[in-house]
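Residue numbers (this note's numbering), protein chains in the order written: chain H, 1 to 421; chain F, 422 to 842; chain L, 843 to 1012; chain Y, 1013 to 1182.
In short, the hints are calculated from the structure, not lab data. Hints are not guaranteed to be accurate.
[What the hints assert, rightly or not] Derived pair list, reagent style SDA-like, types lysine to any residue, alpha-carbon separation capped at 25 Å:
(1) F/K804 <-> F/I756
(2) F/K618 <-> F/H515
(3) L/K972 <-> F/K618
(4) Y/K1131 <-> H/I200
(5) Y/K1101 <-> H/L27
(6) F/K618 <-> F/E520
(7) F/K570 <-> H/G34
(8) F/K647 <-> F/I756
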Amino acid sequence: MAEATGNGGCAKRPLDVASIRDDFPSLSHRNSNGQSIVWLDNSATTQKPRCVIDALTDFYTNYNANVHRGYYEWGQRATEAYEGTRKRLADFIHADAAEEIIFTRGATEALNALAEIIGQRYFQPNDEVIVTELEHHSNQIPWQMQQAKRGIRIKGWRLEEDGRLDPSRLEELLTPKTKLLAFSHLSNVLGLIPPVKEIIKRAHANGTLVVIDAAQALAHVAIDVKDLDCDFLVGSAHKAYGPTGAGFFYGKRALLETLPPWHGGGTMMETVEIDRFTPAEVPFRFEAGTPPIADIIGFGVAIDYLRQFDWEALSKHEEDVVQYAEERLSALSFIRLAPCPTRRTAVVSFLVDGLHPHDVASLVCDDNIALRAGFHCCQPLMKRLNYPSGLVRASFGLYNTREDVDRLVVALKRAVEIFKR
Amino acid sequence: MAEATGNGGCAKRPLDVASIRDDFPSLSHRNSNGQSIVWLDNSATTQKPRCVIDALTDFYTNYNANVHRGYYEWGQRATEAYEGTRKRLADFIHADAAEEIIFTRGATEALNALAEIIGQRYFQPNDEVIVTELEHHSNQIPWQMQQAKRGIRIKGWRLEEDGRLDPSRLEELLTPKTKLLAFSHLSNVLGLIPPVKEIIKRAHANGTLVVIDAAQALAHVAIDVKDLDCDFLVGSAHKAYGPTGAGFFYGKRALLETLPPWHGGGTMMETVEIDRFTPAEVPFRFEAGTPPIADIIGFGVAIDYLRQFDWEALSKHEEDVVQYAEERLSALSFIRLAPCPTRRTAVVSFLVDGLHPHDVASLVCDDNIALRAGFHCCQPLMKRLNYPSGLVRASFGLYNTREDVDRLVVALKRAVEIFKR
Amino acid sequence: MYREVLLAHNEQPHHFYALSQPTHAAHGHNPLCGDEITVHLRIESDRIKEISFTGQGCAICKASASLMTLRLEGLSVTDAEKNAQGILKWLNDATAEQPDNLGELEALLGVRKFPMRIKCATLAWHAFLKALNQPAISDTNKESSASCGCCGNGSTPNGKHLNDGCGCGS
Amino acid sequence: MYREVLLAHNEQPHHFYALSQPTHAAHGHNPLCGDEITVHLRIESDRIKEISFTGQGCAICKASASLMTLRLEGLSVTDAEKNAQGILKWLNDATAEQPDNLGELEALLGVRKFPMRIKCATLAWHAFLKALNQPAISDTNKESSASCGCCGNGSTPNGKHLNDGCGCGS
Ligand SMILES: Cc1ncc(COP(=O)(O)O)c(C=O)c1O
Ligand SMILES: Cc1ncc(COP(=O)(O)O)c(C=O)c1O
Ligand code: FES
Ligand code: FES
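Looking at chain H on its own, in the form it has when it is part of the complex (with noise of 0.2 Å):
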């Protein structure tokens, strides 16, 4: 597994995206026409590599033992991955220490424990917290729930006609009671990357405490949680090329120290008596019970896949793709793009005249063609935009090609001439 082995500071592997499609053994699936898979739903879920298929693997086969407990070899080794994953993903996004990275089972899950560990110490009656209308449903209802448990406030952030998130909106919308601010680093829907920098900078000013929905940007934009100076930031494995059933969220160090437990169970306490317990230090309070152990594994292998790449180098080839996609894509006439008043990464939507969202996805099945319709789990956004029935959307990963977008391209002509006849 040589390709598993780069680490953030060696001689970087070149991008070859040859011998990258290579590593994804389910990129060589062909359909009944023999026509090859052409992924375009990675904002869903992207392919994995050999190496992370094969560490999931070698942990069941050479080593299956539960964490931090056994003291036999399989106990030790299962937890030095378990743990190595932790300083992989804290040097990965550089974090202080691998202390600020609590595993959970998704960004989902991320985005519930923070809503519910924060709410719970820092939110009063009638605080106020905004969330964008960009936003995942993942990084909408979590904090609606504290409304009810709380009597916190939501308040939308308004995004421009153009799909804009303009941070002089937040003039209006912080006040003394805004306690946080939850967006995203990169939409699902628009491929918009907000001026992430200057929002946290305009929040914090206000002392109001800062949420990053990094699940989609992880895989796509260097993240720098200490330029960003952003206070917590969750993501998934399996939207950067690891498994199903691992994520995490970041937390500031003495942030985390000051909130309360998550979930009951085995680890995260000290002492446990029949009506009381105490808590376990940091990050070990945020985690209960048995961990998604080989997932957790195979996220640190992805992550290592990703970093051989110089950063750079893997960023110019997806944009590369991706611009390519937006030409080919605006010079067809029956494509309307949905607006991104920026570089779009890694996402494409728009809309074919004349097609309903859906038929268009399953239209282009046929032609062995993978992505996705409808809303995303973005239905603030969608009814803001004026979609309501959402749109068509192409997603991007590291072993896309300019090929892909011309299949693309073909499926959907054919697709319009079929609903013409």
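We have chain H already, so just place chains F, L and Y with the ligands on it with the hints.
Below, chains F, L and Y with the ligands without anything else, positioned relative to chain H:
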């Protein structure tokens, strides 16, 4: 993968332990002295059969996709496999319908989810929840957390001196304010199975809801939720030959319908506006975000694996080995077994005179024997039965043999010799 | 999946309008896509005198609704109900046998292989059955009920409310 | 891991008793196993005049504590502190170099390969450093402090309380 396709109804595979051991790749491990592994930490996590490991590889290699949304073939296959586990699990525990199974990442998460949503819906200040002294921390702390959140009170069900849960104690404990009783089907320390049905009956006669922790029982006891008439029940895949990162709770349909959603995010909602949402139907109401897809699929394969055997034959084999362990250990003058008033199931815990339990666990490592020492996440139990440094625990699975016990006995003798010098 | 028949019915759906004097009506909502169909009925002497639909949906949904109106109009309520139940069973249950005399409805055969799209094909049929089971729209509240009629009290059995359409959550 | 030296010190630990006139004392608690060690010190003129320990722990823990008392007794406070820090660094950090003049302490070498047991070996040393950093036990409260002395106000920086021992949560 013939061994994975057996189902509940057909002719059963004979219980040949040698061939079973062949299904588990990790069991062929040998240490540097050539000693094969003796895995006696099954209560912490079981080893995995090849068919389960292969199912993960198959998913990530041949149809890796997110569930419930993609129209392309992989999305459909992934969804079918994922929902297939729901059906298998419902069948396995004799639930009425697949919708009564809610997936979580494990038993701990399931208990936390139940405590939170049952609490939200049913707990009023000064209500009482009964928890036994036998419980794992995962079945203690989630309920304790409801004390601070909703002003309820935890009442401990005291164990008898011999470790027994005496149902007649319930008469003192149950009051009109007792909303819920939580207890485990199989103790992970004593190997004790309480009179589950009788306890449930008494609780129900008082109008008290019952949550069963079947984390340990799932792989060792035939579970029939209809016959037990329990209201809720939880379990973990990784303790039943499945992958880490997957678990579930069962709930009676009529009760689930009354409960609010748990986590917020994708899938669990129908409509979302910036400050409100409407929940989806059961079971999706309780499943937010991308689930641990591969792990849940692997869980289904693990259940198929188990179900290919006749349950009686399987229990008989496990009983035989556990009873042999009891006999051999009792015969050693320096061993004191923890009490178990009934037949021990899957677990034998003990002390070694003059040796700290943790030293025992470390010492047997040298003979490639994996067992565990300490509180086993049951501090109240250890306090009650007066084991200030915990216990040594040997826990068994369907692949363990009398030879494993013999190896343990030799290793324990050696450990005692070392300390005698 | 996209047979000629379906494409034709999608392009020019039959009975795609609101009845002016419905006796029964009901919404169908597909939570997977947000699409909504309303089925309008005029039932006289236990017979489906007139049937129509409004709303938005994908090609599968609209074609299925259009085919449904052709299939059910003129039937007795009992026959129409049986018909609808038979079609729903066939669409939902991969092992169900094909109903007799499917006619043009056979075009939906392809949809059965795509579980994720079956809700599209069944949406209108479910709405039809729901409409049948509504109390008849009385003359006095015809105006408002024409746009809904699917529930009495504005809330569903599990206490949910939708924030659009008629507000009944169905 | 269980070298001869450790087994001997476990069986017959040195300085395994409570000092009658301690100037400093502190608990160490290993949350992984629940074991607790108290280290007692009598410091006079900046020198560790007397050191002892009480509590319960595994063989590794008791042997390490016993070895520690032999190592530190009689040293100046500064030297003892440096010594303890050096040993802790060596035990905790797999890449750290072996301190000079380990003597019998070298027997702990094997423990370094078992990360899960390192807390056993370090427990007493941490308690020693903590004791050094406590305010000296004044004559008036010596009685109660002898059993604790590890905190002033009964609560730890993060606001937690233990329900056993001295109640200080450390
Ligand atoms: C922006 C954004 N946030 C959060 C999530 C939720 O991630 P997960 O489903 O892995 O929990 C997603 C996934 O679709 C997303 O795109
Ligand atoms: C009785 C019992 N309940 C609950 C749990 C928690 O299970 P998990 O760690 O899989 O969440 C365990 C695991 O040790 C257990 O033995
Ligand atoms: S996609 Fe909405 S009904 Fe078909
Ligand atoms: S096991 Fe408790 S200190 Fe070693």
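Comparing the hints with the structure gives:
| no. | hint | verdict |
| --- | --- | --- |
| 1 | F/K804 <-> F/I756 | 20 Å, holds |
| 2 | F/K618 <-> F/H515 | 15 Å, holds |
| 3 | L/K972 <-> F/K618 | 41 Å, violated |
| 4 | Y/K1131 <-> H/I200 | 40 Å, violated |
| 5 | Y/K1101 <-> H/L27 | 48 Å, violated |
| 6 | F/K618 <-> F/E520 | 24 Å, holds |
| 7 | F/K570 <-> H/G34 | 58 Å, violated |
| 8 | F/K647 <-> F/I756 | 40 Å, violated |
Violated hints for the displayed structure, listed by number in ascending order: 3, 4, 5, 7, 8.
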